Amino acid sequence: MSTLSDSNKMNNMQPQPDNNDSGLSQKPAQGMLDAALMKPALKETFLKLDPRIQWRNPVMFVVYVGSIMTTILAINMLIKGEQGVPFTVYIVFWLWFTLLFANFAEALAEGRSEAQAASLKQARQDVQARKLDSSDRHSKATLVQATQLNKDDIVLVEAGEIIPADGEVVEGLASVDESAITGESAPVIRESGGDFNAVTGGTRVLSDWLVIRITQAPGQGFLDRMISLVEGAKRTKTPNEIALTILLVALTLIFLVVCVTLLPFSKYAVMSSSTGEPISIVVLVALLVCLIPTTIGGLLSAIGVAGMNRMMKANVIATSGRALEAAGDVDVLLLDKTGTITYGNRQASQFVPAQGVSESELAEVALISSLVDETPEGRSIVKLAQSKYALDENIWKSKPFDSIEFTAQTRMSGVDIDNRQIRKGAYDAIVNWVKTQGGTLPNNIENQVEEVARRGSTPLLVADGANLLGVIELKDMVKSGIKERFADLRKMGITTVMITGDNPLTAAAIATEAGVDDFIAEATPEQKLERIRSYQRQGKLVAMTGDGTNDAPALAQADVAVAMNSGTQAAKEAANMVDLDSNPTKLIEVVQTGKQMLMTRGALTTFSLSNDIAKYFAIIPAAFASTYPGLVVLDIMHLGSPKSAILSAIVFNALIIVFLIPLALRGVTYRPDSAIKLLRRNLLIYGLGGLILPFMGIKVIDMIINILHLV
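With our numbering, letter number 386 in the sequence shown gets 386, and the count goes up by one each step, no holes.
Rather than coming from a laboratory, the hints here were simulated on the basis of the structure.
Being a predicted model, the structure only gives us computed values, none of them experimental.
Wrong hints could be hidden among the right ones.
Capping the alpha-carbon separation at 30 Å, the derived lysine-lysine pairs in BS3-like fashion look like this [as the list claims (entries may be wrong)]: (1) Lys-699 with Lys-643; (2) Lys-491 with Lys-540; (3) Lys-540 with Lys-677; (4) Lys-540 with Lys-479; (5) Lys-677 with Lys-479; (6) Lys-399 with Lys-435; (7) Lys-540 with Lys-483; (8) Lys-151 with Lys-140; (9) Lys-388 with Lys-475; (10) Lys-479 with Lys-491; (11) Lys-388 with Lys-479; (12) Lys-483 with Lys-677; (13) Lys-80 with Lys-267; (14) Lys-483 with Lys-383; (15) Lys-267 with Lys-643; (16) Lys-475 with Lys-383.
Let's have the full structure, built from the sequences with the hints guiding it.
The following block contains the structure:
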């Protein structure tokens with residue numbers, strides 16, 4: 001006898017993560033100023049001064065060369081005792097400051113990726129396995145980490161436990177939850193021999209037990225390859241980033257040619273007029289550094305790495321740099337119904353009483369049958385009965401009863417209480433039970449079952465001994481808030497398409513309730529593939545999520561393909577992104593993250609180009625005022641002196657990189673809106689802001705320099 005369920009006593013052996021069938025345990029994300037990230041980032045900042053590393057970023061390489069040149073000039077001036085040493089030293093300091101903080105931004109972004117890799121390595125060790133000496137389930141078992149398993153090792157997995165790795169069933173029969181792989185909420189039966197003996201790591205055994213032979217060699221698992229990709233994140237560049245780099249290089253070359261030619265022109269002008277002084281090399285370097293787009297050049301690498309890091313923060317690994325960029329430009333989203341648009345776990349939606357039975361009577365017996373059922377379906381039955389009829393399960397739990405656990409053989413569960421044998425289960429199982437108890441079927445029960453099935457729901461029958469009381473309708477409910485998310489995507493011009501194996505009538509009803517734009521019912525691999533190709537022929541970028549082998553062709557064809565980590569190997573190999581949480585709704589987050597990365601790069605590029613204008617008005621009149629007095633009219637900020645003007649521009653140029661590092665790493669705030677509205681907002685905030693802010697910043701810095709009499 002028992003008053004409490006002990007069906008989950010074996011679950012303590014392994015973690016039970018929510019929405020994470022892979023068994024990965026998540027750790028809190030490290031903050032940007034976390035000491036664990038700052039220390040190695042500071043060290044890496046100076047290591048990146050290697051010219052072989054600096055050469056990878058042409059814009060900052062110019063700053064690197066300019067810093068070396070001005071350093072040599074400052075040392076030479078100091079040795080010779082020439083005038084203007086303090087001014088030159090200040091310029092040298094701020095040039096190196098600019099360079100080092102650009103290095104720091106990139107190092108910090110890379111450090112966050114490496115921290116994620118370390119977290120993944122730790123996560124690999126979180127799942128334990130019960131390793132057997134032989135294929136006999138009663139043989140001696142040893143608890144080991146899943147990562148210590150070798151190919152052909154034998155493990156025992158019981159109800160509630162996670163299957164540690166891909167394998168084949170050699171003994172036993174059990175019900176397995178593979179919803180993260182197949183996309184269907186109904187559990188499947190896995191048994192030794194035949195076509196249903198393959199199991200996938202990360203899925204969960206719901207009932208009975210399995211003895212499994214491991215088929216995945218150690219060190220060659222998918223997670224190992226994901227860790228390698230994470231650690232190599234700093235080497236990833238998207239085509240868009242490469243194109244932007246080319247633009248920045250072109251601008252740098254143009255300004256380099258301009259600045260180089262200014263020196264002979266300046267000398268010629270002084271010789272011709274016999275007035276003024278020619279521009280110095282230090283001032284020319286300062287001018288060049290301010291003219292070239294150093295702000296975006298210094299942060300470009302950090303933005304790219306941080307974009308991938310934001311994907312990884314969502315536990316999504318991009319195996320292709322192009323996928324990151326494409327995620328931000330997606331036009332069409334193909335989403336599985338089960339687990340993405342719907343909850344995936346079936347929920348009790350209504351009680352359908354048999355002829356001569358009241359709904360309240362059915363609800364009470366259904367609640368009793370679920371006293372020890374801790375599955376989502378079981379708890380939803382209790383919750384529905386309590387909400388409709390205010391029934392108290394504790395009254396029944398206080399009585400002595402025997403719990404009847406669900407097994408793959410009986411396909412039903414229940415309790416024996418007060419000399420009553422209460423059962424709930426599949427249609428044929430309960431019908432056979434009622435007949436063996438000497439009962440008869442209600443006249444309308446078959447019609448009720450057919451009607452529930454026709455709506456795309458699952459009928460669960462309830463019997464009290466020989467009396468069949470009715471049907472519990474289990475329905476895969478549309479997720480709350482999903483309709484609003486699809487509306488946001490529609491604002492961005494993204495079409496949403498639901499993929500389901502349901503019949504067209506059921507699919508249409510769910511599509512309407514969820515608010516998707518289109519749906520594919522009774523979907524086959526060929527239909528999915530053809531629909532993607534059709535959109536691509538129209539010039540659209542398509543994103544899709546999938547996890548089964550039958551999804552592999554469509555995933556390979558899609559521009560952005562997100563596979564579940566607990567899915568089949570074929571699906572993961574075909575995709576260019578993998579969700580380690582095996583949460584199909586992550587595709588929506590992937591698109592939003594991709595758009596955020598593009599928005600961040602666009603915003604900082606706009607700011608970088610527009611804030612250069614103020615520097616022109618500061619340095620050009622200061623540098624050439626003595627040679628060309630007419631240029632004084634450009635000194636609209638009325639800066640204190642030519643030297644303070646140049647120094648102010650250089651200081652601002654360095655400090656703005658420091659202030660923008662958090663934005664580059666965190667990303668611009670995502671807003672679900674059309675491209676035109678996003679562009680307008682971008683130009684208003686970062687274009688106009690980048691134009692006005694430097695004028696104020698340079699003026700304030702100039703005032704401080706003159707108050708302190710630094711030059």
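Checked hints:
1. At most 30 Å may separate the alpha-carbon atoms for a hinted pair to count; Lys-699 and Lys-643 meet this at roughly 13 Å.
2. Distance check on the hinted pair: Lys-491 and Lys-540 sit about 16 Å apart at the alpha-carbon level, within 30 Å; holds.
3. Distance hint between Lys-540 and Lys-677 is fulfilled; the C-alpha atoms sit about 20 Å from each other, no more than 30 Å.
4. For the hint pairing Lys-540 with Lys-479, the CA-to-CA distance comes to about 27 Å; that is within 30 Å, so the pair holds.
5. Taking the CA atoms of Lys-677 and Lys-479, the gap is about 29 Å. The hint holds against a cut of 30 Å.
6. A C-alpha spacing of about 28 Å is found between Lys-399 and Lys-435, which places the hinted pair at or below 30 Å, so the restraint holds.
7. At most 30 Å may separate the alpha-carbon atoms for a hinted pair to count; Lys-540 and Lys-483 meet this at roughly 23 Å.
8. Taking the CA atoms of Lys-151 and Lys-140, the gap is near 19 Å; set against the 30 Å cutoff, the hint holds.
9. The suggested pairing of Lys-388 with Lys-475 holds, with an alpha-carbon distance near 17 Å, which does not exceed 30 Å.
10. Restraint check for Lys-479 and Lys-491: the C-alpha separation of about 20 Å stays at or below 30 Å, so the hint holds.
11. Taken as a hint, the Lys-388 and Lys-479 pair is honoured in the structure, with Cα atoms around 21 Å apart against an allowance of 30 Å.
12. About 22 Å separates the Cα atoms of Lys-483 and Lys-677, which keeps this hinted pair within 30 Å; it holds.
13. Annotation: proposed proximity of Lys-80 to Lys-267 holds, straight-line Cα distance about 23 Å (limit 30 Å).
14. Among the hinted pairs, Lys-483 with Lys-383 is consistent with the structure: their alpha-carbon atoms are about 24 Å apart, no more than 30 Å.
15. Restraint check for Lys-267 and Lys-643: the C-alpha separation of about 19 Å stays at or below 30 Å, so the hint holds.
16. With a CA separation close to 14 Å, the supplied pair Lys-475 and Lys-383 stays within the 30 Å bound.
In summary, the structure agrees with every hint in the numbered list given earlier.
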